[in-house]
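Colleague: Residues per chain, in single letters:
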Amino acid sequence: SQKIEQNSEALNIQEGKTATLTCNYTNYSPAYLQWYRQDPGRGPVFLLLIRENEKEKRKERLKVTFDTTLKQSLFHITASQPADSATYLCAPGKGGSYIPTFGRGTSLIVHP
Amino acid sequence: GAGVSQSPSNKVTEKGKDVELRCDPISGHTALYWYRQSLGQGLEFLIYFQGNSAPDKSGLPSDRFSAERTGGSVSTLTIQRTQQEDSAVYLCASSFSGDSEKLFFGSGTQLSVL
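Quick note, the sequences are listed as chains R and F, same order.
Start counting the first sequence at 386; every next residue gets the next number (our numbering).
Start counting the second sequence at 69; every next residue gets the next number (our numbering).
Since the hints were made in silico from the structure, they are not lab data.
What you were told as hints is all true, and nothing was included just to trick you.
Which bits of chain R does chain F cover? Going by a derived footprint, with three or more residues having C-beta under 8 Å, they are:
1. 430-441
2. 484-491
Incomplete in silico selection of chain F near chain R, CB under 8 Å:
3. Tyr116
4. Asp124
5. Lys170
6. Leu171
Pairwise CB distance ranges (calculated):
7. Pro425/R with Lys83/F: 22 to 28 Å
8. Pro76/F with Pro497/R: 32 to 38 Å
9. Glu437/R with Gln148/F: 38 to 44 Å
10. Glu437/R with Pro123/F: 24 to 30 Å
11. Pro425/R with Pro76/F: 15 to 21 Å
12. Arg132/F with Asn412/R: 27 to 33 Å
13. Gly139/F with Gly401/R: 49 to 55 Å
14. Ser393/R with Gln151/F: 25 to 31 Å
15. Glu437/R with Gly71/F: 26 to 32 Å
Glycine included, every Cβ here is placed at the ideal spot set by N, Cα and C.
Chain R on its own, in the form it takes in the complex (with noise of 0.2 Å):
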């Protein structure tokens, strides 16, 4: 069966640094991803969406990589700032479907 898998542990690291986020998934083809961030007692935010035959995708300080032969996406945070502290999910999606499958995210905390 379909799996997305991200780091169930949050990630801290130090103000300034750069953030890794990493998801991977099995038993699946996604014609696309993308990266939501949600804060405490919110709905997930739209941050980011990568296609399959893009490799990597920035918007200011964010950039997300996208390798279909590693099944894997990974989600930069460069120059960390505590605001950046939040739950972000990954959600690949297939083609063809409007509805994106959502992993269960990775908490990041960000220390000043």
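Following the hints, complete the assembly by docking chain F onto the known chain R.
Modeller: Here is chain F on its own, set in the frame of chain R:
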């Protein structure tokens, strides 16, 4: 409206009662989704509406769950004879059209079944 609106934000009910959760999507968005998020768990897909097409109900966990979308806008998720395992945050999302993968979420309804 400016964003996806869900009501109530919190609902406490007794086991066996029926509940209705409401979602007001962003104006002009034709696709509407319901997800459920239990503590420490990922988002579990429940149901998807796209325009006038028949909804995709493949994620509904039991026949106690149903949803409708009236006039292509507001949606109501109904849970009959609630059970304690139904306790979760119910999230609604909308997107501009069926071929736009980017979802806009509401803040959710926290349902607690006692």
